Structures are given as structure tokens and as C-alpha cells.
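Per the numbering used here, residue 1 is the first one in the sequence shown, and the count goes up by one each step.
Derived from the structure by calculation, the hints contain no laboratory data.
Check before you lean on any hint, since a few could be wrong.
[To be verified] Heads up, simulated SDA-like pairs for lysine to any residue below, C-alpha to C-alpha not over 20 Å straight-line:
1. K91 with H118
2. K91 with L101
3. K191 with T173
4. K191 with M159
5. K91 with E110
Since the model is a prediction, treat every value here as computed from it, not as a measurement.
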Amino acid sequence: MRHFDKDSAWALMARRAKILYQAPDAEGWLWDVREERPTEHGWPLLFGWPTGVPRGRGGAGGPAAILTAPLVAYLTEHRMHPASMRLPLGKQTTQRLRHVLGHHRYADAEQWWFQHIHDLLSMTGREFAAVHDVSEASVSIWRRRITGEQRARPEGWWMTPRTIELARSGLSTYALAHILKISTSLAWNLKRRAMGSAADIPSATSA
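Using the sequences and the accompanying hints, generate a full structural model.
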């Protein structure tokens, strides 16, 4: 029985690979295209190797999905909802591409909610849902997760002199969370905002 040599197999594949043409990735680097798969979006998925890089084991390995500009745009568009993507790709390949691009659904979701924390703290669930095109249920879930509350506090509560003074006082995140009855993640965010926007926030003595 003939012994299967992986190194020889990689080298053989690299030698015999038929290159269709060259195409750039999203950053302009040329790739040798070995395979083209049509999509329903008007552009193909391309597979191959970076041009000029040795293939096979110890080099570029086997052919990989090329992150072309249309593919990067599509993955970015579906960053928060990867399950809705329609591509002729396997799950592992999709996950690898998202990893390369730094896409992480749960981390991205938390970042998105913190980017809209002002509205989350001041708007009602219905108002937030209408403005940001999300469900009221998700507003309730993330408000509870971040602030520990389901209802909105009075508008601008986190900009009051007392809150800002506490956030700048040097209290630990845990102590600030305890005093304000909020989550530690929100307390950390308040401390960061308070220290970074001194010119825009009134002090307790000027109130």
C-alpha cells in the first residue's frame, strides 16, 4: 500500500493548479484565481493564492476564498446578521473570513449598543426602536444588560453634575455601579465619558 505524503500532495497540487486569471483583493493585492463560483448578487466568489507567494505546505497552503471588494462589502453589510447571508460558502470558510475582517457578532452587538447609549438611556423603548430600526424586545434586553433597568431614566441623567462628579471622583467601577445602581459595564463607560468630555459637562459647583 502506497504511503500518502501530505507534503508531496500539496506540492503536486501547487504544480498542477490551473490559474484562470489574476484579480485584486479589497486592498489591491493580486491573487492567482483558480476557481470562480457565481453568486446571486451579480459578482463571483473567487478562490486562489496570493500572487508571488509560494503555495503548498509552508507557503500559502491550499486555495482560499479571496476577500475581493464586493465580498468584503457584502460581509460588512451582514456583519450583525451573518445568518442572513446567501453565499456558496461553507460555515467554516465564512467564519474564517469574518475572523480575518474582525467581525464578531456578539462583540459587535455590544459595541453598537454602547455607541447608542445616550439614546438608550434617554429614550423610551418604542422611541429607540423606531429611530434605530430594532425591536422593542431587544431594547429591553440590552437596557437591562447594560443598565440593570428596563425603563428609561430621566433624559440626560448621566450628564447631571452629581453623576459626573461621582464618575470623576476616583471611585472604583464597582463602587460607582453600586451608588448609581447600574451595571459595572455602564459605570466603566460613564467614567470614560466623564473624563473625556470635561469641557462639555457642568461641574457640581456651577449647578
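Now the hints, each set against the structure:
| no. | hint | result |
| --- | --- | --- |
| 1 | K91 with H118 | 36 Å, violated |
| 2 | K91 with L101 | 15 Å, holds |
| 3 | K191 with T173 | 8 Å, holds |
| 4 | K191 with M159 | 11 Å, holds |
| 5 | K91 with E110 | 23 Å, violated |
Hint compliance for this structure: hints 1 and 5 are broken, all remaining hints hold.
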